[in-house]
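Position in the sequence shown counted from 1, then plus 856, gives you this note's numbering.
Read the hints as simulated data drawn from the structure, not as lab findings.
Every residue, glycine too, gets a C-beta built ideally from N, C-alpha and C.
Heads up, some of the hints might be wrong.
Calculated cross-link-like contacts (lysine to any residue; reagent style SDA-like; alpha-carbon spacing at most 25 Å) [what the hints assert, rightly or not]:
1) 1508 with 1475
2) 981 with 1206
3) 1508 with 1482
Restraint-style ranges between C-beta atoms, simulated for each label pair [claimed, not checked]:
4) 1386 with 1445: 32 to 38 Å
5) 1511 with 1094: 37 to 43 Å
6) 1296 with 1084: 23 to 29 Å
7) 1404 with 1000: 49 to 55 Å
8) 1470 with 1094: 55 to 61 Å
9) 1197 with 1442: 27 to 33 Å
10) 882 with 944: 29 to 35 Å
11) 1445 with 1109: 46 to 52 Å
12) 1079 with 1419: 30 to 36 Å
13) 1384 with 1227: 50 to 56 Å
14) 1000 with 1099: 25 to 31 Å
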Amino acid sequence: MRWLGKLLLRWRSLFRRRDVEHELDAELHFHLQQQIEENLAAGMSPEEARYAARRTIGGIEQIREGCRDARSVRFIEMLLQDLRYALRMMRRSPGFTAVAVLSLALGIGANTAIFSFANAILLKKLPVTDPDRLVTIGWSVNYPFFRELDRHNGVLAGLAGRFSIDLNLTAGSSTERMHGELVSGSYFRVLGVGAALGRVLTEVDDGAEDAHPVCVISYDLWQQTFAGAPDVLNKAILLNARSFQIVGVSERGFRGGALQGRFDVQVPMSMTGFFEGEKRDSIGWSWLQMIGRLKPGIKRAQAEANIQALGTHIDKEQGHEKWKASYRLFPGDQGFDDHRDEFEKPILVLLVLVGSVLLIACANVANLLLARAVERQREIAVRLALGATRARLVRQLSIESLVLSGVGGMVGFLLSFWMVQTLVYFLRSDNFAIGLRPDVLALGFTAALSIITGLIFGLAPAWQVTRPDVAPALKQEVAGSAWASRALLRRGLVVCQISASLVLVFGAGLFARTLRNLRTVDLGFRPEQIILMTMDPSLSGYKEADTALLYDRLLETIRKVPGVRAASLANMIVLSGGMFAADVGVTDYTPQDHEPNYYLNWVSTDYFKTLGTPILQGRDFNGWDRRGAQPVAIVNQRFATHFWPGQNAIGKRFRWGGWKSDVEIVGVVSNTKYQTIREEPQFIYYLPVA
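From just these sequences and the hints, can you work out the full model?
Here you go:
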């Protein structure tokens, strides 16, 4: 247990230093008195005995230093001494300290904010069991396809399906709108998510259509809406005006199958008919997303080959062999999020920019330290003249720099909270609920960055100012060689500042040019004077017939408002970030190896007039284009040229799984942006709202 005794001694030496020093003085005094008494007994006079005892024992101060070194805390004591001196220097120069700390805080805070963003988007994973074994299948499928793939694949330990839905949740007298998921019974098992209370959904809940009105709620929803009450189990709530029974609360931290989304309610796939109409068993709707867990020893490439072959076989059985769908497997550690590819390059650009800001701040503070060195040249010279080593002075000045960067880092970490909230404000949307907040990892990043920053801007000035010509410095003069070397370093720092500033200016110029280019992009519609509004009557319990009547009355009322030139309805609105994929079939068309997605939008009459989208050929929808009449469609220009290049698409027909008969094209419109301004034109067809 000798090590424990040494540890306790070192601990007392650091935090009970007065007591330890007092004990050391008492022990030295005891040995000195003992030696004096021995000398007196040998016949020496008192004065001779005292001098002889001191000669025998040796220098008292040297013994003290030796004892301190033996405790192995001397180095730490010297660091603490340097730290106290650095804090005194900061108090003596409040103006210098404020400028340096603010410069560093801005640079470190900006880097911490962008790191937090990068961590949330690029590094974090779903809070599930072994997320690295999860894969998503990059093609939406119909429910019968999912069942066949789940039943016959040999490479996945489990396969789950999900579909995001909008919900109105009513509990007691309060109603709130939120996002939820229709999920297969295997969903929680495949993800490896258990229940904090009650149970999760299982394959038993995948029974007959509309037979299991039950749900699982998230831990956060349980705490916020139900105050964490344990009697929430078997409690009835209203989802879109229908009663559902809560059977469980999912594990804390789980918010659904998309890392940057928030899906607080999961309902079984058997309730698809209630939420989404009659499309659970339709083979014409590609609506279901799939996520699977690889079997032990199976690689993603191996599983992809198996899934592709099996998927092609199922397509053939369903009569979709011409689609040549690509069933690629993607990493599923972030679930169904696709923001990693979207934000990877912008994040790297931002990291370079904020890194340049920090480099400028370092150069600025280094120049300030060199300027302050002029005032401290006599102090440094005196220390050197008294025997201080250059390494000792460099260490002290480096500690001063690290203290500055540490304070700057603490202020920067606090600033990063505000910067992060600003990022969240500009990025917030219904489809992107990023959980962004500086955390312990960000705090560690800030600490490491502060240390590196302190070394970057502190070492060079410290090395430079500790090599003065002592004699001129003591006379408060500066030798020409010292001025020359110091000026050379300052010029180098200025060059670094200018270079980093040019990077920022160049980046800002590129951003400005990009914004100018984006303003000139043809959106396919005129955004001026357009008001967009979203509503979903089904969330309030409206049936299909009542919804159609409500829409007709709503349009009639809006069109009578003074100043309104046109009004219409659409299932998907422009630049909303979301589109609905629905497969089509065209006679005499040979599918490509990687067939693209085809997107469907249900719209009412005057939709293109309202948006200002030109009708290039044919006509708009009219009041006769209703369910029961000849199915008609309007397609965009890319859809038309893709299937019928060099031909007039008016009168052409294609198959769509939602209707038994072929759909006739009655109009061709310009390409329109639905997801992002930068996107390439998609293949879109429009059907009339029934």
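Right, here's what the structure says about each hint:
no., hint, in the structure
1, 1508 with 1475, "14 Å, holds"
2, 981 with 1206, "22 Å, holds"
3, 1508 with 1482, "19 Å, holds"
4, 1386 with 1445: 32 to 38 Å, "35 Å, holds"
5, 1511 with 1094: 37 to 43 Å, "39 Å, holds"
6, 1296 with 1084: 23 to 29 Å, "25 Å, holds"
7, 1404 with 1000: 49 to 55 Å, "29 Å, violated"
8, 1470 with 1094: 55 to 61 Å, "45 Å, violated"
9, 1197 with 1442: 27 to 33 Å, "30 Å, holds"
10, 882 with 944: 29 to 35 Å, "32 Å, holds"
11, 1445 with 1109: 46 to 52 Å, "47 Å, holds"
12, 1079 with 1419: 30 to 36 Å, "46 Å, violated"
13, 1384 with 1227: 50 to 56 Å, "54 Å, holds"
14, 1000 with 1099: 25 to 31 Å, "29 Å, holds"
Violated hints, in rising order: 7, 8, 12; the structure is consistent with all others.
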